[in-house]
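There are 2 protein chains.
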Amino acid sequence: MIGGSLAMALRKAGYVKKVVGCSRSEEHLQRAVDLGVIDSFTLDPIEAVKGADMIILAVPMRVIKPMLKSIADHIEPNAIITDAGSAKGSVIAAATAAFGGVVPPNFVAGHPIAGREKSSVEAAIDDLYIDHKVVLTPSSETSSEAVIRVKDMWQTAGAIVETLDAKHHDDVLAATSHLPHILAYSLVNTLSKSEYGDAVFDYAAGGFKSFSRIASSDPVMWRDICLENKEAILSALNDFQQDLTDLSASIEDKNSEELMQIFANAKETRDRNI
Amino acid sequence: MIGGSLAMALRKAGYVKKVVGCSRSEEHLQRAVDLGVIDSFTLDPIEAVKGADMIILAVPMRVIKPMLKSIADHIEPNAIITDAGSAKGSVIAAATAAFGGVVPPNFVAGHPIAGREKSSVEAAIDDLYIDHKVVLTPSSETSSEAVIRVKDMWQTAGAIVETLDAKHHDDVLAATSHLPHILAYSLVNTLSKSEYGDAVFDYAAGGFKSFSRIASSDPVMWRDICLENKEAILSALNDFQQDLTDLSASIEDKNSEELMQIFANAKETRDRNI
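Line by line, the protein sequences are chains A and B.
The first sequence begins at 160 in this note's numbering and counts up by one.
The second sequence begins at 160 in this note's numbering and counts up by one.
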């Protein structure tokens, strides 16, 4: 979905000569060809990067390191490598390990802040990135030419490209993206154990539907994000649990004033920023 | 918004002769007249119920008890009283207290499971209740004629009317509505204290937007719900916090299998039920 949407946007813009897809599933890749998302495919990553001037790793985060290791010695001299992972510290660490202890200058860690609950190539759309942010987190070793080329590619797909320090990115995304996903998944699980069974969902209104929408996201992707952005997520989770415990105490104490303050502050913050 | 939307739907259906509005604000009531939502208004609840055959209390929950007390001795013999509060046990207790120790047979506790983040009469729309559930929680003292009349009114507004035991209603709504609202409010508050300031929201994507939408709801309404459905909410909150602590431990332990199971189960449950 992420890689396919980028390929569709770039092909639509006439930005690419040839898009070669690579994944574990020949069936998925054949569908991508049939849908006009890619030109050709291979199951072999080494084969895929032959002759490529731009390599995009749009895979679950835990696959990034082994993937980089397998292609490291087969990349063309002028090729740029980038990724679409939701956490950047661990990707930079993976690249460092895969390339023998230093991040190669042609590696640009990146994160398109866009997505859908659906995954796989059928969910790819050519306008996914329009007006969405893409954050690049180059390190001091990254060449500025590589950053410019990756930026140009995402801008061609319609995105607004920004550059952030990797830790800054990971902290912020842990709070605004990873934590809400974890809460949505966890809430649905709590409800699934209700004494009223699935009937509990019969009385779910629009609020619950929009709140829990992100619990339909790909479990593999979110498992990997939890493992790859562990420290930032645990820190955000800990802050959240403390605030929730305070709120719980305000309810327990029937502290009308505190509850009013908590809800009014949240509404004001949300209305101001979103 | 809740009362106004009902008035608009009933007027559109030609179901009502005259709708009299009552609130604390003459300005709001005048706007309701100007917008064609109500026919006339009064600031005096006793005046408002004179000649009324259907009395609907669409007010913050903590106002229900004093409101019922003030009108108790002034209700016409054939009038029906109902409410739109999000918790029903406390409303039945309020009615019991207001009417001298017994729920009057003409009182039907009700809850339309529909809403918008916006409040006040400008947010009222005539199709708010179409295909939405309205739960009535009559007690053994409630007359079946009163239930039929309230049911008929909500059905005229397009709603699907169901009857539940009050405790069942309060438990289920605590889980599917009150808990998600509390989590959304609490998350926005946690984020508002971020070391990155409001800039943290610059990287909020669609997931956060839909997750936190309900944190724009009316703080007074949600303060009251927390106070009026305290026990059921605390119980749901406690279940949630235990599950979240378990999930947090799975991240801490990098327990890939457990994380996968939690996320996959939640996705499967959500996709099956919503």
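Hints may be right or wrong, so weigh each one.
If you only want the chain A side, here are some residues facing chain B, beta carbon under 8 Å, derived [what the hints assert, rightly or not]:
(1) L169
(2) A172
(3) K176
(4) I215
(5) F258
(6) V261
(7) I272
(8) W381
Mimicking DSS-like on lysine-lysine, the simulated pairs with C-alpha atoms at most 30 Å apart in a straight line are [unchecked claim]:
(9) A:K368 <-> B:K389
(10) B:K176 <-> A:K368
(11) B:K413 <-> A:K426
No lab work stands behind these hints, which were simulated from the structure alone.
Heads up, the beta-carbon is just placed ideally off N, CA and C, and yes, glycines get one too.
Enumerated hints in conflict with the structure, sorted upward: Of the numbered hints given earlier, those the structure breaks are 1, 2, 3, 4, 5, 6, 10 and 11, listed in rising order.
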